[in-house]
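**Student:** Chains as they are written, first to last, in this note's numbering: chain A, 1 to 272; chain B, 1 to 156.
You may find that some hints are simply not true.
Stated by the list, open to error - Using C-beta positions, here's what the derived DEER-type ranges look like:
1) A:K197 to B:T132: 27 to 35 Å
2) A:K197 to B:F131: 45 to 53 Å
3) A:H196 to B:F131: 47 to 55 Å
4) A:A4 to B:P152: 26 to 34 Å
5) A:N233 to B:V104: 47 to 55 Å
Stated by the list, open to error - Stretches of chain B that chain A covers, calculated by requiring three or more beta carbons in the stretch to come under 8 Å of a beta carbon on chain A:
6) 114 to 127
7) 140 to 150
None of these hints come from the bench; they were simulated from the model. Glycine residues also receive a C-beta, built at the ideal position from the N, C-alpha and C atoms.
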Amino acid sequence: MNVAVPVPYRVTHRREDTDDTVTLTLERPQTPLPRFAPGQFAMLTSYGVGEVPISLAGSAPDGGLVHTLRAVGAVTRALHAVRPGQVVGVRGPFGTGWDVPSAAGRDLVVVAGGIGLAPLRPVVLAALAERSRYGRVAVLVGARTPSDLLYIDELSTWDTIDGVRVDVTVDRPDAAWSGHVGVVTTLIDAATFDPHKSVAFVCGPEVMMRFVAEALVGRGMPAHDVRVSLERNMHCGTAWCGHCQLGPLLVCRDGPVVGYDVAGPLMRVREL
Amino acid sequence: MTAGPADRVAVHPFLAGLTAEQRDALAADAAPASFSSGQRLFASGSAAEVFWLLESGSAALDLPVPGRGDVVVETLTGATVLGWSWLHPPYRWHFGAVAREPCVGLVFDASSVRGRCAADPAFGYAVLNLFTPVIIQRLQATRLRMLDLYAPRTAP
Chain A
1 MNVAVPVPYR
11 VTHRREDTDD
21 TVTLTLERPQ
31 TPLPRFAPGQ
41 FAMLTSYGVG
51 EVPISLAGSA
61 PDGGLVHTLR
71 AVGAVTRALH
81 AVRPGQVVGV
91 RGPFGTGWDV
101 PSAAGRDLVV
111 VAGGIGLAPL
121 RPVVLAALAE
131 RSRYGRVAVL
141 VGARTPSDLL
151 YIDELSTWDT
161 IDGVRVDVTV
171 DRPDAAWSGH
181 VGVVTTLIDA
191 ATFDPHKSVA
201 FVCGPEVMMR
211 FVAEALVGRG
221 MPAHDVRVSL
231 ERNMHCGTAW
241 CGHCQLGPLL
251 VCRDGPVVGY
261 DVAGPLMRVR
271 EL
Chain B
1 MTAGPADRVA
11 VHPFLAGLTA
21 EQRDALAADA
31 APASFSSGQR
41 LFASGSAAEV
51 FWLLESGSAA
61 LDLPVPGRGD
71 VVVETLTGAT
81 VLGWSWLHPP
91 YRWHFGAVAR
101 EPCVGLVFDA
111 SSVRGRCAAD
121 PAFGYAVLNL
131 FTPVIIQRLQ
141 ATRLRMLDLY
151 APRTAP
């Protein structure tokens, strides 16, 4: 299989999550790509338009792929507009994953900002699928407004599961919102987890991840137990082109998931 | 039997930085407090004569905005401090606060605490050292929100 050539995947389901965000389910083709791990990403092609990196948001029952994407540019707008029956191209899997199994026996702290919840959804699903392997699961979600929240039904379901706590906050409440208001970092103090026996999974805008990571480290978590998902200008996905270089890292290969002990110093370099 | 203010002050994490003597002094100005969901603790513009240490529950800071009602600007949850307008003149609440869910905690006589701070600079410095990190943390959180990090931006 040539990793530079997209494999056609047919869209079987399309769900509008918010005004600008959709979740696409892609049917497993006869010759599928290798299995994706949570945290890895695909290069999705809208034929004739272009290609973008999109993290895995889940797996379909038939082994197909689930991707949640936000329309923010020409390619993502085109992908946002696809309908069931249409075909998109997929390359991957690329990059490092969240490596959820390595957190067995520990508490999990999942912190998402905005569309960053999409790459973290497989973390929660993996933990729930093998619930007894993990300690408490704290899911902390931040969004701009209530109408920007993803997976609302799933969040409610997760919150009912023993040992799982979901806290959601928004920056800008509307009149109907009765939940938490404030940045997602403000949820960390009240979250229940053992900082010395936890692994954190953090995804969202880079500044948000930095503040979250610092807050988690401030609660006593070692930086290497705080895993962040970096976003850079991924093109080839195979560390050939160098577009995604971040200091010594080629994020498409060495990331996107990186420990904060490595990512933190790089995030503080203005030129990077 | 419910523990008295002195016992509750002794174990509240917000006050961990005080000496036992300082906690005892603060406890002398404390009384148990509880609020039901929806109950207003204070309104913006009113006199800031007390402050609270929440032990459980959640409160929302709000501000009346013409045409929009009471707009929530931030929520506070769990073991935290509520209110710092009592620290400095004009001793009036800049924002209001309402219980989002039942709250349990301690209420402190702000005027008396200010008096202790003035009479005992070491005590006053210790109290300021409790509040300053919270103020900084909430200021940083506010600045972070001002960045509007989740707003749509141009990308491929």
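**Student:** If a hint holds in the structure, say so; if it does not, say that too.
**Tutor:** Now the hints, each set against the structure:
| no. | hint | result |
| --- | --- | --- |
| 1 | A:K197 to B:T132: 27 to 35 Å | holds, 31 Å |
| 2 | A:K197 to B:F131: 45 to 53 Å | violated, 31 Å |
| 3 | A:H196 to B:F131: 47 to 55 Å | violated, 28 Å |
| 4 | A:A4 to B:P152: 26 to 34 Å | holds, 31 Å |
| 5 | A:N233 to B:V104: 47 to 55 Å | holds, 51 Å |
| 6 | 114 to 127 | violated (count 0) |
| 7 | 140 to 150 | holds (count 8) |
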